[in-house]
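S.K.: One-letter residues, chain by chain:
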Amino acid sequence: MSLLEIEKLSLNIGRVPILKDVDLTLDAGEVMGLVGESGSGKSMTALTVMQLLPSVAKAKGRVHFDGIDILAAPEPAMCKLRGNKIGMVFQEPMTALNPVKTIGEQVAEGIRWHTRASRAEAEDRARKILDRVGLPAKKFPLSRYPHELSGGQRQRVVIAIACALKPKLLIADEPTTALDVVLQAQILDLLRDLVDENRMGLLLISHDLAVVTEMSDRITVMRHGEVMETGETAPTLSAQDHPYTRQLAQASMHVPARAKIRGTEQPTHDLLQVEAVSRDYPGHRTSLFRKPEPMRAVDGVSFSMKEGQSTALVGRSGCGKSTLARMILALDQPTGGAIRFMGEQLTGRDEAALKPARRNMQVVFQDPYGSFNPRHKVERLVAEPLHTLEKQPQGSERRDLVARALHEVGLKPADMDKYPHEFSGGQRQRLSIARAIITRPKLVVADEPVSALDVSIRAQILDLFADLNQQLGVAYLFITHDLSVARAITDDVMVMHDGKIVERGKTSDVLGNPQSEAAKALVSASPDLRRAIAKRLQEQG
Amino acid sequence: MTIIADEPVPEPQPGFLALALRNRSFVVGALLTLFIAGMALLSFFWTPYDVTKLVVADRMLPPSSAHWFGTDQFGRDVLSMIMVGARASIAVALVAVVIGMGVGVPLGCWAAARGGIVDEVLMRFNDVVFAFPALVMAILITAIFGPSAINAIIAIGIFNIPVFARVARAGALAIWPREFILAARAAGKGKARITAEHILPNIANLLLVQGTIQFALGVLAEAGLSYVGLGVQPPMPSWGRMLFDAQTRMMVAPTLALFPGLAIVITVLGLNLLGDGISDVIDPKLRRQR
Amino acid sequence: MTAYLTKRLLIALVTLAVASVVVFSMIEIVPGDPARLMLGMNATADAVQALRDQMGLDQPLLVRYVDWVSRLLTFDLGKSYTYNVPVRDLVLERSVVSLPLAMIALALSTLIAIPVGIFSAERRGRLADTISMGAAQIGVAVPNFWFALLLIYVFAVWLHMVPAGGFPGWSAGVWPALKSLILPAIALALPQAAILSRVTRSAMLEVLGEDYIRTARAKGMPRNVVLWHHALRNALIPVLTILGLQFAFLLAGAIIIENVFYLPGLGRLIFQAITQRDLIVVESVVMLLVAVVVLVNLLVDISYAIVDPRLRTRR
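Residue numbers (the UniProt record's numbering), protein chains in the order written: chain P, 1 to 541; chain A, 1 to 290; chain X, 1 to 315.
If you are wondering where the hints come from, they were derived from the structure by calculation, not from laboratory data. Here the structure is a predicted model, which means the values were calculated and not measured. Careful: at least some of the hints might be erroneous.
Said to hold, decoys possible - Not close to chain A: a few residues of chain X, all C-beta gaps over 10 Å, as computed: (1) T44; (2) A47; (3) D67; (4) L72; (5) R123; (6) R126; (7) L150; (8) G166; (9) P168; (10) P176; (11) I186; (12) V225; (13) P238; (14) R312.
Unchecked claim - Reference excerpt, derived from the structure (chain X facing chain A, CB under 8 Å, subset only): (15) T15; (16) A135; (17) I138; (18) V142; (19) Y153; (20) A248; (21) F249; (22) L251; (23) A252; (24) I256; (25) F271; (26) L289; (27) V294.
All C-beta atoms, glycine included, are put in the ideal place defined by N, C-alpha and C.
With the hints as constraints, model all of the structure from the sequences given.
M.R.: Structure representation (structure tokens):
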């Protein structure tokens, strides 16, 4: 008998079907990867096992854990299981901990509740498990509050809570999605070690096929609430028998077809020059009467970009890459240094003087939902950058321009009369790109433009970016933490670390053979599906 | 290869009115509010009796078919007085909301757009006004200029200013870091223009809800001021004043104290329900929580 | 923590300073001669001049302001023109009515509202929630002075359980004095409790939707433990804000309620002062009320820091 057996599990929330006939088994000591795109029902499956579903959800079928019928278990019995026999780690470490309780209280609470241990005993055990997850009591005493820890450290606390009583089953729901790749690698290592030490079963839920492949013995592929395929990880992914599995795998490894770099035949002049740019932020005040130490987000960065060139700016979260991007877009003023765009100085100019530059420099953001004013129609939204033109087109002229931009990003001209909420995430990202190219800019700054999208949509958007680069000759500055995006779409890459650019060169060179410590760390931490499958096949013979 | 991905396109959502008409708070609140407003409007053209005419013979009559709510110590018809009194309540509260919004919203938006010292000064100004409860403010104003409806409006209106400034500022601060604002800035739009095009439409809901709340509070405050003689002055009937007159005659005619009070409760209840209904309908976060 | 508290203290002081300018200049912009206004048209020129001397009206504005503030700081509130006694004595005499009234009302409102709010949040959508929130919705709409009239009618006129108004003074014994404060306190407290219970409920519901509540549940903590140990303290933060604001309303409400019940408190004092045009009393009592509001808000700020550790380390 397996540790966890799910048979023909169906789930409805109200009248909406969420899961249909889901089957899944997991043995002790085994890692099962549960993959699928958003809305596939992965998280709902996990919450069913925990019985933490919203009260309106109705589950049918059979869910057995360690011989216990979960769907029939009363609430007190579930309370005995949760945190004791089954632990769970969630996606968002920043909000997963109670802000008004110390980490010690939060870890010890479960221990005391389940084992009836005394406060001192429980604190002792809490100290041990926190030490085990990499938060030694010397540096991280139990009296710390969550806001005094970083995201990665908070996720370690959540793992400590989940694993404090050595559960038989650990459910990790996108445990590293909110973290950068280096932290991701560390957290995944920690999870793997804890599973090995205690012979836990691990149900790892992720949208990232590479992560799942690196971690799991077996995988289950879900889509629209149904299981598509299940099997040993490496054979399943290398054979790609199921068409959906193939689609997911292909999309994960997708590289848009691009012509060779044109740089050699036409030596163009510099489009963008960044010279010794720095940006300080006022630090947190520790006393009302002392001036706070400023925090340097960007520290003496210099580089230049040529026309039509596609450059990636990669680095860990908080390395200063978004701050740098904002200064290039003249949305933020540098503390020191100079930025020149098409030969014109950007720093210290007023809004009117910046108009010509703004016309030639547009932006695409990460969040396809936050990028549009929900109260305006598409025509008005996409036309917004036309504000930078000397003579602003009106009426039919404006509609023609919008129609052309929509056509270029693969949307219909008729879409211009809709509101943004009538579009899906991928379509909104297309709208975002349409808005960015309507003035025919020379440079588009794209800040994590695909990281909020599912893999198959991501592949389509990357294709679109590559296409527009060819057609319009627009240069890109791609800000991303995802090296596979950098590999897929850019000629050059800059690695940023602690506000400085530490390495720069051809994308294939830098990512193939990194020199700096920061670049090495990034490359080795980045999950890579092809590499992971190969490694798995090797291990399994 | 090309990848075919089917991404579900969101279902069309019903509009505001369709959702609102399904919301019980909204419907009940709107009906009550319309009822009171209709009564006030009607009073301009018709009331059962003339409220300026004193009929000594009909003093202190109990409710009857001729005088549904009875008559007061001067023989005036209470129902007619309540109808006319609605005007004062609505007018004072409405003008006070307009003052609060008209001054507070621009201030709040300005503080959010500028930040820094402007913001700090505005917030401190808010603290100062908040330190004067509306009634204390009214007392101060009346002590100097004498009691009148205008002074009541000014007192309540001044108190409304920091309320709206605060709501507008908080709403605007939540919108400013959004990506569509950055996109607008990248399109070269200035702060004033962004505030008009992007901030205001997105905080209008919040302001509308706050407007109904302040309207309701204004009705209560006006009644309180009239009760203590600092609001609408006789002979113009007002609900608060009617209650004051009823108090000394409570042994004889308790219904005199009943109906004006009920009128206040219905008005305030209607406005509050309306506000609740609107915020239920427009706040998607609360909607998800049901 | 000290940085946060220093900042809040400074803000409170600045608020008080600006408020004092506002109150002072309100009296300054009185149309015509304040002394003439207070004495009425029939007063002799000598009497007016005597009062001008007493109020120091012939001195420069700034001197008078500084003089007024420095006297306020030593709790010298001037001399009432109508009562011909120091305002300080009047205030102290009236405070022993107003202060207990406000305190009882605040305690009553909090003790009713917070449990009801939690209870409703816990049973969201069920009958108990619908009933208590329906009652709260109506409670918010009831003007406290009308509610006071109803209470007087039922408990004093009809049932003869308590006096309909007046205050026997603490010298008549604690119980008779308290008895005459019961109805006013209830009239003040219930409408405020209605507001506070709604705030408590929605704060609780918001907190119960947070990720850390799910973490606590995943730890195996039963629902009610999560409610009391994890949700409540977080929900207190918005509740405290409203509590602070309510104190100002309570104070203002007390002014009216004291008039309904003929209680010789600060509210009655200020009204009598207005009808008698005793600007010195009005000025001092208003400033005093403002100071109390500012002080209460400072206390709320301090309690934020106690509840929320994030304020202790940041800023």
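S.K.: Hint by hint, say whether it matches the structure.
M.R.: These are the hints, each one checked on the structure:
1. T44: About 24 Å separates T44 (chain X) from the closest Cβ of chain A, which puts it past 10 Å; holds.
2. A47: holds (21 Å)
3. D67: holds (21 Å)
4. L72: holds (15 Å)
5. R123: holds (14 Å)
6. R126: Since the minimum Cβ distance to chain A is about 13 Å, R126 (chain X) lies beyond 10 Å and the statement holds.
7. L150: violated (7 Å)
8. G166: Non-interface label stands for G166 (chain X): nearest chain A Cβ at 14 Å, farther than 10 Å.
9. P168: Its Cβ never comes within 10 Å of chain A, the nearest being 21 Å, so this holds.
10. P176: Nearest chain A Cβ is 23 Å from P176 (chain X), so the label holds.
11. I186: The claim stands: I186 (chain X) keeps its Cβ more than 10 Å from every Cβ of chain A (closest is about 16 Å).
12. V225: holds (22 Å)
13. P238: holds (13 Å)
14. R312: Holds, because the least Cβ-Cβ distance between R312 (chain X) and chain A comes to about 21 Å, which exceeds 10 Å.
15. T15: holds (5 Å)
16. A135: violated (12 Å)
17. I138: holds (6 Å)
18. V142: holds (6 Å)
19. Y153: holds (6 Å)
20. A248: Because about 4 Å separates A248 (chain X) from the closest Cβ in chain A, which is inside the 8 Å limit, the hint holds.
21. F249: holds (6 Å)
22. L251: Cβ of L251 (chain X) sits 6 Å from chain A, so the hint holds.
23. A252: With Cβ-Cβ at 4 Å, under 8 Å, it holds.
24. I256: For I256 (chain X), the interface hint holds, since the closest Cβ of chain A sits about 5 Å away, which is under 8 Å.
25. F271: holds (7 Å)
26. L289: Since chain A brings a Cβ to about 6 Å from L289 (chain X), closer than 8 Å, the hint holds.
27. V294: holds (5 Å)
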